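K.L.:
Modelling step: build the complete structure from the supplied sequences, incorporating the hints.
Residue numbers (the working numbering), protein chains in the order written: chain A, 25 to 577; chain B, 26 to 369; chain C, 17 to 186.
No wet-lab data here; the hints were simulated from the structure.
Check before you lean on any hint, since a few could be wrong.
Facing chain A, according to a computed beta carbon distance under 10 Å, are these residues of chain C, among others [what the hints assert, rightly or not]: (1) G113; (2) A115; (3) E122; (4) G152; (5) R155.
Beyond 10 Å from chain C on every Cβ pair, some chain A residues (computed) [unchecked claim]: (6) I81; (7) D185; (8) P206; (9) R219; (10) A406; (11) A490.
No experiment lies behind these values; they were computed from the predicted model shown.
C-beta atoms are modelled at their ideal positions from N, C-alpha and C, and glycine is treated no differently.
What follows is each chain in one-letter form.
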Amino acid sequence: MRLPEVDAVIIGAGAAGPIVAKELAFAGWRTVLLERGEWNTAADCRKDDLRNQRTSILGHPFGPEDEGNPRVVVERDGRLRVVEPSAGGYHNNAACVGGGTLSYGAMAWRFHPHDFRMRTEYGTKVPAAFADSTLEDWPIGYDDLEPYYEQAEWEIGVSGDDSTNPFRGERKRALPMPPLPPTREHEILWRGALRAGLHPFHIPMLRNSVPYGGRPGCMRCRWCVGFACEVDAKCGTQNTVLPRALGTGNLTLRTGCQAQEVTMGPGGTATGVRYFDANGERQEQPARVVVVSASAIESARLLLNSKSNLFPRGLGNRHDWVGRNLQGHTYTGAYGLFADDVYDDLGPGASVAICDYNHGNAGMAGGAMLANEFIRLPIQAAGIRPPGVPRWGKGHKDYFRTNYRRLVAVQGPTQEAPTFGMRVEVDAEVKDKFGIPVARLSGLKHPHTIEVGNLMAEKAEGWLRASGAETTWKKGAGQGISGGQHQAGTCRMGRDAKTSVVDENLRIHETENVYVVDGSVHVTNGGFNPVLTIMALAFRAGRHIAGAHRVRG
Amino acid sequence: MVVAGLVVLVGVLLAPAGSLLYESGGPEACANCHEMGRQVELWSGSAHQEVKCGACHGDALTMDARVHWTNARRVAEHWMGRIGEEPRLGEGQVLEMMSRCEGCHEQEFAAWQAGPHAATYERLFLDEKHNHTRHLMNDCLRCHGAHAEGAIGDVVAPLDTKGPWRLVREELRGQPAIPCMQCHAVHREGQVLGRKRLEAKMAGRQQETHRPGLGFYDRRSRAGVRAGLLRVPKMEDNGRVLRMSADGRQAVCYQCHAPLAGRQAGSGDDRTPKGVHEGLSCLACHEQHRGTTRASCATCHPRLSNCGRDVETMDTTFANAKSGHNVHWVACADCHAKGVPRRR
Amino acid sequence: MKRRSFIAGTAAVGGAGCGRGEGPAPGYRVLTENEIRTLDAWCEALIPADDAPGASWAKVPRYIDIQLTRKFRRLLPRYREALAAMERWLAAAGVEGMAARLELMEQGKAPRELFADGGKDAFEMVLAHTLQGFYGSPRHGGNRDYVSWVLLGVAPVPVRGREQAETGKN
Numbered sequence: 025m026r027l028p029e030v031d032a033v034i035i036g037a038g039a040a041g042p043i044v045a046k047e048l049a050f051a052g053w054r055t056v057l058l059e060r061g062e063w064n065t066a067a068d069c070r071k072d073d074l075r076n077q078r079t080s081i082l083g084h085p086f087g088p089e090d091e092g093n094p095r096v097v098v099e100r101d102g103r104l105r106v107v108e109p110s111a112g113g114y115h116n117n118a119a120c121v122g123g124g125t126l127s128y129g130a131m132a133w134r135f136h137p138h139d140f141r142m143r144t145e146y147g148t149k150v151p152a153a154f155a156d157s158t159l160e161d162w163p164i165g166y167d168d169l170e171p172y173y174e175q176a177e178w179e180i181g182v183s184g185d186d187s188t189n190p191f192r193g194e195r196k197r198a199l200p201m202p203p204l205p206p207t208r209e210h211e212i213l214w215r216g217a218l219r220a221g222l223h224p225f226h227i228p229m230l231r232n233s234v235p236y237g238g239r240p241g242c243m244r245c246r247w248c249v250g251f252a253c254e255v256d257a258k259c260g261t262q263n264t265v266l267p268r269a270l271g272t273g274n275l276t277l278r279t280g281c282q283a284q285e286v287t288m289g290p291g292g293t294a295t296g297v298r299y300f301d302a303n304g305e306r307q308e309q310p311a312r313v314v315v316v317s318a319s320a321i322e323s324a325r326l327l328l329n330s331k332s333n334l335f336p337r338g339l340g341n342r343h344d345w346v347g348r349n350l351q352g353h354t355y356t357g358a359y360g361l362f363a364d365d366v367y368d369d370l371g372p373g374a375s376v377a378i379c380d381y382n383h384g385n386a387g388m389a390g391g392a393m394l395a396n397e398f399i400r401l402p403i404q405a406a407g408i409r410p411p412g413v414p415r416w417g418k419g420h421k422d423y424f425r426t427n428y429r430r431l432v433a434v435q436g437p438t439q440e441a442p443t444f445g446m447r448v449e450v451d452a453e454v455k456d457k458f459g460i461p462v463a464r465l466s467g468l469k470h471p472h473t474i475e476v477g478n479l480m481a482e483k484a485e486g487w488l489r490a491s492g493a494e495t496t497w498k499k500g501a502g503q504g505i506s507g508g509q510h511q512a513g514t515c516r517m518g519r520d521a522k523t524s525v526v527d528e529n530l531r532i533h534e535t536e537n538v539y540v541v542d543g544s545v546h547v548t549n550g551g552f553n554p555v556l557t558i559m560a561l562a563f564r565a566g567r568h569i570a571g572a573h574r575v576r577g
Numbered sequence: 026m027v028v029a030g031l032v033v034l035v036g037v038l039l040a041p042a043g044s045l046l047y048e049s050g051g052p053e054a055c056a057n058c059h060e061m062g063r064q065v066e067l068w069s070g071s072a073h074q075e076v077k078c079g080a081c082h083g084d085a086l087t088m089d090a091r092v093h094w095t096n097a098r099r100v101a102e103h104w105m106g107r108i109g110e111e112p113r114l115g116e117g118q119v120l121e122m123m124s125r126c127e128g129c130h131e132q133e134f135a136a137w138q139a140g141p142h143a144a145t146y147e148r149l150f151l152d153e154k155h156n157h158t159r160h161l162m163n164d165c166l167r168c169h170g171a172h173a174e175g176a177i178g179d180v181v182a183p184l185d186t187k188g189p190w191r192l193v194r195e196e197l198r199g200q201p202a203i204p205c206m207q208c209h210a211v212h213r214e215g216q217v218l219g220r221k222r223l224e225a226k227m228a229g230r231q232q233e234t235h236r237p238g239l240g241f242y243d244r245r246s247r248a249g250v251r252a253g254l255l256r257v258p259k260m261e262d263n264g265r266v267l268r269m270s271a272d273g274r275q276a277v278c279y280q281c282h283a284p285l286a287g288r289q290a291g292s293g294d295d296r297t298p299k300g301v302h303e304g305l306s307c308l309a310c311h312e313q314h315r316g317t318t319r320a321s322c323a324t325c326h327p328r329l330s331n332c333g334r335d336v337e338t339m340d341t342t343f344a345n346a347k348s349g350h351n352v353h354w355v356a357c358a359d360c361h362a363k364g365v366p367r368r369r
Numbered sequence: 017m018k019r020r021s022f023i024a025g026t027a028a029v030g031g032a033g034c035g036r037g038e039g040p041a042p043g044y045r046v047l048t049e050n051e052i053r054t055l056d057a058w059c060e061a062l063i064p065a066d067d068a069p070g071a072s073w074a075k076v077p078r079y080i081d082i083q084l085t086r087k088f089r090r091l092l093p094r095y096r097e098a099l100a101a102m103e104r105w106l107a108a109a110g111v112e113g114m115a116a117r118l119e120l121m122e123q124g125k126a127p128r129e130l131f132a133d134g135g136k137d138a139f140e141m142v143l144a145h146t147l148q149g150f151y152g153s154p155r156h157g158g159n160r161d162y163v164s165w166v167l168l169g170v171a172p173v174p175v176r177g178r179e180q181a182e183t184g185k186n
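P.N.:
Below, the structure is given as structure tokens:
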């Protein structure tokens with residue numbers, strides 16, 4: 025059915041969509057926000073340690089459903105494997121109102137200024153990182169995003185204190201909330217970092233440490249990342265910008281709606297979105313502006329499925345860049361066992377970080393922020409053991425009961441050198457429950473990424489040793505592509521239409537009115553969790569769109 | 026049409042008949058349903074082992090269509106190989122169960138009914154003052170309306186500080202939000218002490234500590250966690266570790282009357298005594314079902330205290346954390362501003 | 017006809033799983049008495065009792081049995097096969113030989129006529145599920161009475177109050 029035309033239709037109510045929606049709704053635009061999932065709450069996951077977005081052994085509560093939403097993974101030997109959303113290799117990001125921001129760990133990083141100009145920094149110094157990679161500068165820099173980082177920090181809410189971090193871009197305004205009081209683990213690592221000449225600081229978090237925005241502070245339970253917050257202390261788009269946007273009366277949120285394609289009129293003008301609604305019926309939503317915010321894998325899938333006369337190989341894909349450069353982060357780090365208990369049962373766990381190794385590592389392009397980890401519930405820690413300790417039997421039980429409370433993990437998201445081979449395509453045969461071709465994932469990490477990742481594991485181990493860990497061991501880099509909650513890069517931002525998908529305002533090249541606003545547009549993904557950058561880009565894009573297109577009456 | 030009617034008729038008759046067959050065999054027959062096995066197993070070792078299933082859960086002759094519907098649905102699910110989670114009481118059943126508890130535990134029920142823990146959904150969720158200033162969230166349901174199905178938004182609306190608020194399901198209005206099963210579980214391993222007469226002679230702390238059914242309904246896991254697995258937190262007063270009563274029953278109280286993560290006495294909803302009453306169990310003063318303390322001072326104090334004051338008329342204001350008379354943390358120095366006299 | 021058997025008969029008609037061949041063990045959903053006995057010994061060898069209970073007391077087999085009717089439905093044939101093979105293998109030695117046999121399986125050195133891949137696959141499957149059933153939440157059928165959490169020193173339900181400060185206007 026063809027619905028009445030609106031000013032804008034936004035696909036995806038994750039980290040970015042509701043922010044764009046809020047900017048447009050406040051500017052008086054009649055806006056429709058489509059979300060394939062539901063408006064989930066903490067009651068849907070009940071802090072279940074075997075069934076959450078982080079540990080999905082028995083499924084996951086915030087979507088997408090296991091039934092009818094497959095993806096295809098290309099194995100290293102070329103074999104195809106069909107996977108369901110809760111299985112490994114799917115690279116799932118929650119499909120619900122708020123997307124990943126409902127259940128994330130909520131680290132709120134600004135990228136380092138160097139992260140936006142990797143070629144300028146390393147092009148001549150580290151040629152190995154550029155061989156067969158698509159490592160490149162962003163068309164915009166840290167200074168362009170700084171005001172929007174600040175807007176995200178204050179409108180959505182960030183606690184923490186990075187004033188003792190000398191390795192960061194200039195900040196014009198302090199964070200709105202102080203950090204949570206330190207845990208025992210935090211204090212041990214803080215002292216260890218100082219002993220090693222490092223520069224520890226309190227991680228910025230999209231989490232209330234004190235009442236803020238009409239919601240209370242964190243009560244410090246142990247079920248954080250992977251779960252929805254029972255006290256609404258975690259700040260996601262679903263409990264900040266979205267209610268405000270809905271309050272204007274200009275925004276309509278439709279859940280349970282799966283976009284099929286962006287429909288194109290003559291020339292480069294999109295006419296709207298074709299989608300399946302909550303009853304499985306096909307709908308057509310005409311709009312003057314279309315914003316795609318479905319996250320890196322699904323946004324690429326949607327564009328590739330949107331074929332038109334102007335774009336026979338998929339929207340924005342004239343030069344075969346849509347779906348390329350899929351990157352998340354290469355997580356590496358180390359574990360340490362201490363002589364005494366370090367576990368004090370105070371959530372969320374992750375709290376102290378260093379940025380000493382994000383840049384300036386000899387012979388390496390980039391690096392990672394290193395931080396302690398979120399609380400590991402028993403099932404999450406049951407497989408973690410130093411080399412030589414048995415995985416089962418009495419040896420396992422003795423080891424685990426002695427050391428569960430003495431274990432500290434330090435790890436970090438190494439930023440990757442993207443390649444053309446790390447990619448999203450649409451599969452020719454496998455379809456979802458609506459008959460829409462699904463995403464197919466393939467590729468391997470760039471070898472330089474693995475080197476940097478393994479160096480970060482060494483650095484993490486060094487920090488743990490300096491903190492007094494008696495036994496330490498490393499977790500090195502894997503070979504396969506990354507993605508998951510940090511997925512990015514598949515609709516690169518750039519000035520040249522031949523080597524990118526969207527321009528610096530996030531409008532798809534050669535189109536008049538189609539924007540991609542999510543991690544897809546990241547040229548590189550920084551050595552940090554990407555969500556605050558996605559949010560900042562969304563505020564910037566929202567403001568741009570509201571100014572660049574005229575609204576009727 | 027006729028055929029369809031016949032099918033419906035047979036269906037209507039068959040479901041109760043099936044239920045009757047199923048239940049008339051007593052507990053053994055209930056355990057025939059594989060999904061029910063664990064519940065029967067727990068019950069068979071519990072203090073309520075002499076009380077047969079039907080006494081609490083009703084029997085097949087009930088006119089309540091939901092019972093038959095649930096039974097039929099479970100069989101269908103079993104048939105299709107899509108067996109659900111373990112069976113448990115729903116919100117409505119927990120409330121219905123209360124009159125069955127009352128049937129045997131009349132006095133306790135009456136005491137509870139007269140106390141603050143009998144607060145209704147209306148009282149707790151439609152409190153204007155609270156709702157204007159505090160955020161309505163899922164964690165409210167940890168202690169209030171813990172058995173409610175769904176999320177906070179399925180109990181009260183709208184979830185803002187403007188109101189006006191209403192209960193999403195009007196039928197909950199007069200229902201208790203802290204029912205018996207918040208603190209008691211009927212199916213719980215453990216033996217009763219013995220005959221009623223013997224119990225009466227042993228009444229007191231000893232007996233209650235060993236009550237196997239005492240526990241806290243953990244909404245997160247939709248199950249009661251027995252008191253023995255809960256912990257009385259090690260409370261502090263500005264860094265000084267407080268003396269705590271060894272009474273394990275308090276662990277249940279602390280689940281809701283809980284301090285903030287720093288375990289500072291008096292923080293959050295905590296009321297740990299830290300002044301002259303340090304080391305007393307919650308239940309030393311609070312009657313467990315009625316919850317109130319009226320006249321309880323006299324249990325320990327002579328009518329005229331050492332100070333020559335009438336303990337029954339003393340201002341022991343407890344709602345105000347800043348009051349110097351707050352019975353939970355009144356200290357000697359609160360009255361003896363110029364120094365506490367030496368003991369005579 | 018005795019009432020008990022009559023009821024059992026109607027139950028069998030009602031539930032397909034109950035009717036076919038050997039029924040599930042009492043208190044279990046799909047696995048038979050023999051299968052449960054073997055699985056119980058298998059899990060217990062993976063996490064044995066010492067001064068604290070092991071996988072058997074924690075009801076890990078019940079966790080697996082429940083999940084075999086839910087999320088792990090598709091694994092039921094693999095389980096049946098693995099348990100039957102293990103049962104045959106143990107016929108001579110009895111359950112005392114379990115740990116030594118699991119070591120062989122872990123290395124893929126079990127007899128090929130019993131396990132086509134030397135046992136690795138079945139070993140990894142049961143180990144993963146045993147850890148889940150032992151360390152995961154009791155709500156899924158295992159970790160009876162939070163036994164593993166108590167073992168590790170983790171309170172089943174943490175005590176956490178909330179600030180009574182007013183959060184202000186939305």
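K.L.:
Indicate, hint by hint, whether the structure satisfies it.
P.N.:
Hint check:
With a cut of 10 Å, the hint placing G113/C at the interface with chain A is violated, because the nearest CB-to-CB distance is about 14 Å. Interface hint status for A115/C: upheld, as the beta-carbon distance to the closest one in chain A is roughly 6 Å, under 10 Å. For E122/C, the interface hint holds, the least distance from its beta-carbon to any beta-carbon of chain A being 8 Å, beneath 10 Å. For the restraint placing G152/C at the interface with chain A, the shortest Cβ-Cβ distance is roughly 4 Å, inside the 10 Å limit, so the hint holds.
Contact between R155/C and chain A, as hinted, is supported at the beta carbon level, the nearest pair being about 7 Å apart and thus within 10 Å. Distance check for I81/A against chain C: the nearest CB is about 6 Å away, which does not clear 10 Å, and the non-interface claim fails. Chain C leaves D185/A outside its interface by the beta-carbon criterion, the shortest separation being 20 Å against a cut-off of 10 Å. Look at P206/A: its CB is around 18 Å from the nearest CB on chain C, clear of 10 Å, so calling it non-interface holds up.
The beta carbon of R219/A is kept farther than 10 Å from every beta carbon of chain C, the shortest such distance being approximately 28 Å. The claim that A406/A is not at the interface with chain C is violated, since a C-beta of that chain comes within 10 Å of its own (minimum 5 Å). Distance check on A490/A: its Cβ is at least 27 Å (rounded) from any Cβ of chain C, clearing the 10 Å threshold; non-interface status holds.
In this structure, the earlier hints numbered 1, 6 and 10 are contradicted, and the remaining ones agree with it.
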